[in-house]
Amino acid sequence: MWIRTKTWAAVAGATAFTAVTAFSAHAQDTIKIGVSEPLTGAVAASGNYVTNGARIAADVINKKGGVLGKQIELVIEDNKSNPREAVNSAEKLILKDKVPVMMGAWSSTFTLAVMPKLMEYGVPMVVETASSGKITTSGNPWIFRTSPTSAMEALAFGKQLAAFSPAIKKVDFLSVNNDWGLGAAAEFKKMFEAKGITVGRTETMSPDATDLSAQLAALKGTGSDTLIVTSGIEQLTLAIRQAGEQRLPQRLITTGGSFPEPLLKTPGPKGYASQHLLFFAPWAVERAKYPAIAKEFVDGWSARKLDFAGQTEGFRGYDAILTIAEAIKVAGKAEPTAIRDALWKVKLKGVNGDIAFGKEGPAGQESGQAEPNIYVVELKDGAVSVK
Amino acid sequence: MDQFLQHLLNGLVLGATYALLGIGLTLIFGIMRVVNFAHGELYALGGYAAYAAVSVFDLNYFGSLILAAIAGLVMGALIEYVLLRRRDLGSIDEVMLIMIGTMLIMQNTELLAWGGVAKAVPSPFSQEPLLWGEVSVSPIRLFVLCTALILLAVFYMLIERSRFGLAMRATFQDRDAARIVGVDVSRIYTATFALGSCLAAVAGALLAPVFVVSPTMGDLANLKAFAIVILGGLGNLGGAAIGGFALALVEEFGAGYISTAYRDAIGFLVILLVMIVRPQGLFAGKERVG
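Those protein sequence lines, which keep their order, are chains V and E. Reading the first sequence from the start, the letters are residues 1 to 387 in the working numbering. Reading the second sequence from the start, the letters are residues 1 to 290 in the working numbering.
The hints are simulated quantities; they were obtained by calculation from the structure and are not laboratory data. Among the clues, some could well be false.
As the list claims (entries may be wrong) - Here are a few chain V residues that face chain E, going by a calculated C-beta distance under 10 Å:
{"no.": "1", "residue": "T30"}
{"no.": "2", "residue": "A42"}
{"no.": "3", "residue": "K63"}
{"no.": "4", "residue": "E234"}
To be verified - Computed list of lysine to any residue pairs in SDA-like fashion (alpha-carbon distance at most 20 Å, straight line):
{"no.": "5", "chain 1": "V", "residue 1": "K270", "chain 2": "E", "residue 2": "E134"}
{"no.": "6", "chain 1": "V", "residue 1": "K265", "chain 2": "E", "residue 2": "F4"}
{"no.": "7", "chain 1": "V", "residue 1": "K70", "chain 2": "V", "residue 2": "A303"}
{"no.": "8", "chain 1": "V", "residue 1": "K329", "chain 2": "V", "residue 2": "L348"}
{"no.": "9", "chain 1": "V", "residue 1": "K189", "chain 2": "V", "residue 2": "G133"}
{"no.": "10", "chain 1": "V", "residue 1": "K387", "chain 2": "V", "residue 2": "K220"}
{"no.": "11", "chain 1": "V", "residue 1": "K220", "chain 2": "E", "residue 2": "A52"}
{"no.": "12", "chain 1": "V", "residue 1": "K169", "chain 2": "V", "residue 2": "V376"}
{"no.": "13", "chain 1": "V", "residue 1": "K134", "chain 2": "V", "residue 2": "K189"}
{"no.": "14", "chain 1": "V", "residue 1": "K349", "chain 2": "V", "residue 2": "V60"}
{"no.": "15", "chain 1": "V", "residue 1": "K189", "chain 2": "E", "residue 2": "A261"}
{"no.": "16", "chain 1": "V", "residue 1": "K359", "chain 2": "V", "residue 2": "E371"}
{"no.": "17", "chain 1": "V", "residue 1": "K220", "chain 2": "E", "residue 2": "K119"}
{"no.": "18", "chain 1": "V", "residue 1": "K92", "chain 2": "V", "residue 2": "M119"}
{"no.": "19", "chain 1": "V", "residue 1": "K270", "chain 2": "E", "residue 2": "L59"}
{"no.": "20", "chain 1": "V", "residue 1": "K70", "chain 2": "V", "residue 2": "K98"}
{"no.": "21", "chain 1": "V", "residue 1": "K289", "chain 2": "V", "residue 2": "T210"}
{"no.": "22", "chain 1": "V", "residue 1": "K380", "chain 2": "E", "residue 2": "Q127"}
{"no.": "23", "chain 1": "V", "residue 1": "K265", "chain 2": "E", "residue 2": "K119"}
{"no.": "24", "chain 1": "V", "residue 1": "K220", "chain 2": "E", "residue 2": "F57"}
{"no.": "25", "chain 1": "V", "residue 1": "K305", "chain 2": "E", "residue 2": "W114"}
{"no.": "26", "chain 1": "V", "residue 1": "K32", "chain 2": "V", "residue 2": "V330"}
{"no.": "27", "chain 1": "V", "residue 1": "K220", "chain 2": "E", "residue 2": "F4"}
{"no.": "28", "chain 1": "V", "residue 1": "K189", "chain 2": "V", "residue 2": "T210"}
{"no.": "29", "chain 1": "V", "residue 1": "K220", "chain 2": "E", "residue 2": "W114"}
{"no.": "30", "chain 1": "V", "residue 1": "K265", "chain 2": "E", "residue 2": "P139"}
{"no.": "31", "chain 1": "V", "residue 1": "K32", "chain 2": "V", "residue 2": "R84"}
{"no.": "32", "chain 1": "V", "residue 1": "K220", "chain 2": "E", "residue 2": "A261"}
{"no.": "33", "chain 1": "V", "residue 1": "K220", "chain 2": "E", "residue 2": "P129"}
{"no.": "34", "chain 1": "V", "residue 1": "K333", "chain 2": "V", "residue 2": "F157"}
{"no.": "35", "chain 1": "V", "residue 1": "K380", "chain 2": "V", "residue 2": "A284"}
{"no.": "36", "chain 1": "V", "residue 1": "K220", "chain 2": "E", "residue 2": "P122"}
{"no.": "37", "chain 1": "V", "residue 1": "K265", "chain 2": "E", "residue 2": "F57"}
{"no.": "38", "chain 1": "E", "residue 1": "K119", "chain 2": "V", "residue 2": "T210"}
{"no.": "39", "chain 1": "V", "residue 1": "K380", "chain 2": "E", "residue 2": "W114"}
{"no.": "40", "chain 1": "V", "residue 1": "K220", "chain 2": "E", "residue 2": "L59"}
Where a beta carbon is used, it is the ideal one built from N, C-alpha and C, also for glycine.
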């Protein structure tokens, strides 16, 4: 009886093993792209939008026949809005799923945490959102960024200062307390000072803080006419709402490309307006550099019945996956070093505009950086207008 | 000077909810000697109850508060009856592990049911703030403050003036002596856990329209609740109430006048100092353990 059971178990095991390996060998007929985004936690709203954008891009590409004759498969991992989990997710994608290329990780903090792993295992990553200057100047040749740096954002904004009336004379800052928020505040400060605008008070908020009343009360009496707020969707919504509650006199301008879409459904106090620096304005698709390409993304987004305003961030995932697919095509094979070399040669028309990587960082160890476009959008009483 | 009043008001509003959280936790610890790590999850449960009531079932906000209270009572009673009733509550390690497990299960169930993206609960009041001179407060925050104060008063009456409260206080003082005089200790335990959880759930529902509702909202609430309870003295109800207000005011003024970046740190620094100077907490008497 015992021997029979053992033999039976061995045969069953061998069959299962063969079946599994045969199945996974068959499943090699897709090209995997690793995605590490915050799907839960403090910045989950943005992470979900970006991931949905990526999914739409994969669908669009696969419908057109895929890349190199194979279909694209996105392997999506949740980094839980946490740098430690970002590193874990990257390792899992590289070591277990054996992805030849990655997209991620939304926040500058998570991206910076993942970067050493990219160096260690030799896998390129397209950075779709993070804006800290450190990402492309740390001497990591596996990094290719499609999103603008905070410095670029500040410069682009500096060119639009004349459009603001009353003119901006004194500025305060309210930033999330991490590499992104502090870096953005530093870059914008530099830009304002170069233009002769006074910089007032800077307050910070921890990434998962929901009560910003202390910071806002402190900013209330500073005499500034403008408050620059840098954070994700959740905190921007809370900051704008609570600033309205405390009747802050400053005009509010948010940076980083996130749009506080909950305020569309539940607006702040009447007459209270806020302005937002975005890298794609779905309310003015016709102003995109390549409207036909933008429309393909917008159609895919509305077909999935997703939040309209989420496109302000969804396009980041879309453009990044298009970029990766193009690089794989140019490389001719789904292999990390080949893809890395191919990314330098990519010249692509994306939702935001032209995508091509210039060298940035210490010589010999440069990272790739693209130069995207910037839009200013105003939100008032639940309605949006593009400047 | 106007900022001072604004900070004071902000601190009082927050303090009232902290007090609700702290009292619930210290009640459970004081009577049952159970370290309830799942307390923050009851707060989150209240928040999601409010979200479900308003956004899914189309109830009004005030109805959602009642729904949250009931959810808290039921969940608290359930946890006590199913998980703790037949345990030796004296074995602290075992109880702690059970409560941590409960916390993980509750948090991940919420994640599964509602997803990871934070949810907004619309406020039933207008968004226009009320203005008194330079101080402004939104109607919802004022409502939260008043409701929390009323609940604290009702709770005080329950504990100090009712027979039930008398039975609870007796069990609190000496469990065996209470048994001897005829108190049904098991029922008191269930009621205690239910009541403490109810307070946490109502705090969560009250704050749902002020902030956002997310699966991890209970983590910080848990931490703050423990900090308040330790500050006020473990098991001391009045201490927990005062501790709640004290922590909120320290955080608010610390953030406003010292540094917003260290807001949470300032609160914990004060607790650290209290622990060094008076380790039994501000209001409790010294106790021998073991």
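Task: Broken hints, by number - done: 1, 3, 6, 7, 10, 11, 17, 19, 21, 24, 28, 29, 31, 34, 36, 39 and 40
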